[in-house]
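Asker: The whole structure should be built from the sequences, with the hints applied where relevant.
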Amino acid sequence: MSDLKTDLAALKLEREPESRGAGRLVGWLVVFLLLGGAGYGGWKWFTREVPLEVQTATVTERAAGTQAAVLNASGYVTARRRATVSSKITGKVIEVNVEEGMAVKEGQVLARLDDSVPRAALALAEAQAEAARHGVQENEARLAQARVTLGRVSQLLKDGIMTQNDVDQAKLDVDATTARIASLKQQINVADQQVALQKTSLDDTVVRAPFSGMAVTKDAQPGEMVSPVSAGGGFTRTGICTVVDMNSLEIDVDVNESYIGRVKPGQKVTAILDAYPDWQIPAHVITTIPTADRQKATVQVRIAFERTGARALDPRILPDMGIKVTFLKDPD
Numbered sequence: 654m655s656d657l658k659t660d661l662a663a664l665k666l667e668r669e670p671e672s673r674g675a676g677r678l679v680g681w682l683v684v685f686l687l688l689g690g691a692g693y694g695g696w697k698w699f700t701r702e703v704p705l706e707v708q709t710a711t712v713t714e715r716a717a718g719t720q721a722a723v724l725n726a727s728g729y730v731t732a733r734r735r736a737t738v739s740s741k742i743t744g745k746v747i748e749v750n751v752e753e754g755m756a757v758k759e760g761q762v763l764a765r766l767d768d769s770v771p772r773a774a775l776a777l778a779e780a781q782a783e784a785a786r787h788g789v790q791e792n793e794a795r796l797a798q799a800r801v802t803l804g805r806v807s808q809l810l811k812d813g814i815m816t817q818n819d820v821d822q823a824k825l826d827v828d829a830t831t832a833r834i835a836s837l838k839q840q841i842n843v844a845d846q847q848v849a850l851q852k853t854s855l856d857d858t859v860v861r862a863p864f865s866g867m868a869v870t871k872d873a874q875p876g877e878m879v880s881p882v883s884a885g886g887g888f889t890r891t892g893i894c895t896v897v898d899m900n901s902l903e904i905d906v907d908v909n910e911s912y913i914g915r916v917k918p919g920q921k922v923t924a925i926l927d928a929y930p931d932w933q934i935p936a937h938v939i940t941t942i943p944t945a946d947r948q949k950a951t952v953q954v955r956i957a958f959e960r961t962g963a964r965a966l967d968p969r970i971l972p973d974m975g976i977k978v979t980f981l982k983d984p985d
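Letter by letter, the sequence shown follows residues 654 to 985 in our numbering.
By construction, these hints were calculated from the structure, which means they are not laboratory data.
Note that beta-carbon positions come from the ideal geometry of N, C-alpha and C, so glycine has one too.
Don't take every hint at face value.
Straight line, CA to CA, 16 Å or less: simulated EDC-like cross-link-like pairs of lysine to aspartate or glutamate [claimed, not checked]:
no., residue 1, residue 2
1, Lys838, Asp872
2, Lys871, Asp983
3, Lys741, Asp856
4, Lys852, Glu779
5, Lys745, Asp767
6, Lys758, Asp898
7, Lys949, Glu910
8, Lys917, Asp983
9, Lys838, Glu791
10, Lys977, Asp905
11, Lys745, Asp768
12, Lys745, Asp845
13, Lys741, Asp767
14, Lys838, Asp898
15, Lys871, Glu753
16, Lys745, Asp905
Label pairs and their computed distance ranges (CB to CB) [stated by the list, open to error]:
no., residue 1, residue 2, range
17, Pro968, Ala736, 17 to 27 Å
18, Thr940, Leu850, 14 to 24 Å
19, Thr940, Ser865, 24 to 34 Å
20, Glu783, Ile942, 56 to 66 Å
Answerer: Below you can see the structure in the form of structure tokens.
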């Protein structure tokens, strides 16, 4: 019986190590809780709300409806002064002095044509005028001689040496020479007019800017033929370049005829270019074109950009740009 108790005692489990491991786990848990509490307290301290000074602002009440939109439309930027510069005569281009994007002044030389033929014609006209002047001088000398002869014959007629027929012949020479001089003076006048005409033709070989602006296209090169009219098929140009007056830019929009009654001259407008959607440009209505498009049922409206005095328009505004406009209600 004693052996049985001894065996049972040997099979008994020892619980002391388990209790010792559990105590260690509880200790670590307490440490983690303390560290977490300290971290949370520090976070609350650094993120605490600091009282801010309250600032007051004056609120201004704006009249209702002063900026209300009454109509929206879309259109394009257009130039009132735009010209395709060409020559007055048909000729070969020998020089082009303009490039796209170049600013030009009124009267500036844009191109030159071959002037060999007009220059030769001018030289011929000047020579003809000079020959007519020499002819006048020669006949004036003959007229002086004829008058002296007439005087002598008249005196000899009184002395009975010459006959009346001789006197009449001397008078005829004087009258004929006088008429010849008058004719030559008319020829001088014609020759001078011919010289002026040839000078004009020579000047037409120089193409100048009709007004100050910006060259937006270059349509001809040296060696090409240009003509004021379409001739020679595709081998003849009809222009040298296109010049636009950037200060004449405005907006053209088409408004549905059902809403044209909302548009008035001088009405304030806000314009926004498609290229710069965040830029609002102040403008105003110039006029309404007094005709309608029966196919689109629209009426064209001209709008001007607002500017002070002679101040130039913003260089970001370019011809043919798409633009959207908002017509504003008149202030109450």
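Asker: Would you check the hint for Lys852 and Glu779, treating anything up to 16 Å between C-alpha atoms as holding?
Answerer: Given pair Lys852, Glu779 holds - Cα atoms ~10 Å apart, limit 16 Å.
Asker: Is 14 to 24 Å a correct range for the gap between the Cβ atoms of Thr940 and Leu850?
Answerer: With Cβ atoms ~43 Å apart, the hint is violated.
Asker: With a cut-off of 16 Å on the C-alpha distance, tell me whether Lys838 and Glu791 pass.
Answerer: At roughly 12 Å apart (the allowed maximum being 16 Å), Glu791 and Lys838 satisfy the hint.
Asker: Measure nothing beyond the straight line between the CA atoms of Lys741 and Asp767; if it is 16 Å or shorter, mark the hint as holding.
Answerer: Holds, at roughly 13 Å.
Asker: Just to be careful, I want the Cα atoms of Lys741 and Asp856 compared with a cutoff of 16 Å; is the pair within it?
Answerer: 10 Å, holds
Asker: Has the given pair, Lys977 with Asp905, been kept, meaning a C-alpha gap of at most 16 Å?
Answerer: Measuring from Cα to Cα gives roughly 10 Å; hence the hint holds.
Asker: Lys871 and Asp983 were given as a pair; does the straight-line alpha-carbon distance stay at or below 16 Å?
Answerer: The given pair, whose Cα atoms are some 44 Å apart, is violated under the 16 Å limit.
Asker: Return holds or violated for the Cβ distance of Thr940 and Ser865 against the range 24 to 34 Å.
Answerer: Since Thr940 and Ser865 have Cβ atoms about 25 Å apart, the given range 24 to 34 Å holds.
Asker: Between Lys917 and Asp983, does the CA-CA distance stay at or below 16 Å?
Answerer: Roughly 10 Å separates the two Cα atoms, so the pair holds.
Asker: Decide if the proposed pair is consistent with the structure: Lys838 and Asp898, CA atoms, cutoff 16 Å inclusive.
Answerer: 48 Å, violated
Asker: Does Asp898 sit within 16 Å of Lys758, going by the straight-line distance between their CA atoms?
Answerer: 10 Å, holds
Asker: Hey, Lys871 versus Glu753, does the alpha-carbon distance stay inside 16 Å?
Answerer: Holds, at about 6 Å.
Going down the numbered hints, you'll see the structure goes against 1, 2, 12, 14, 16 and 18, while the others check out.
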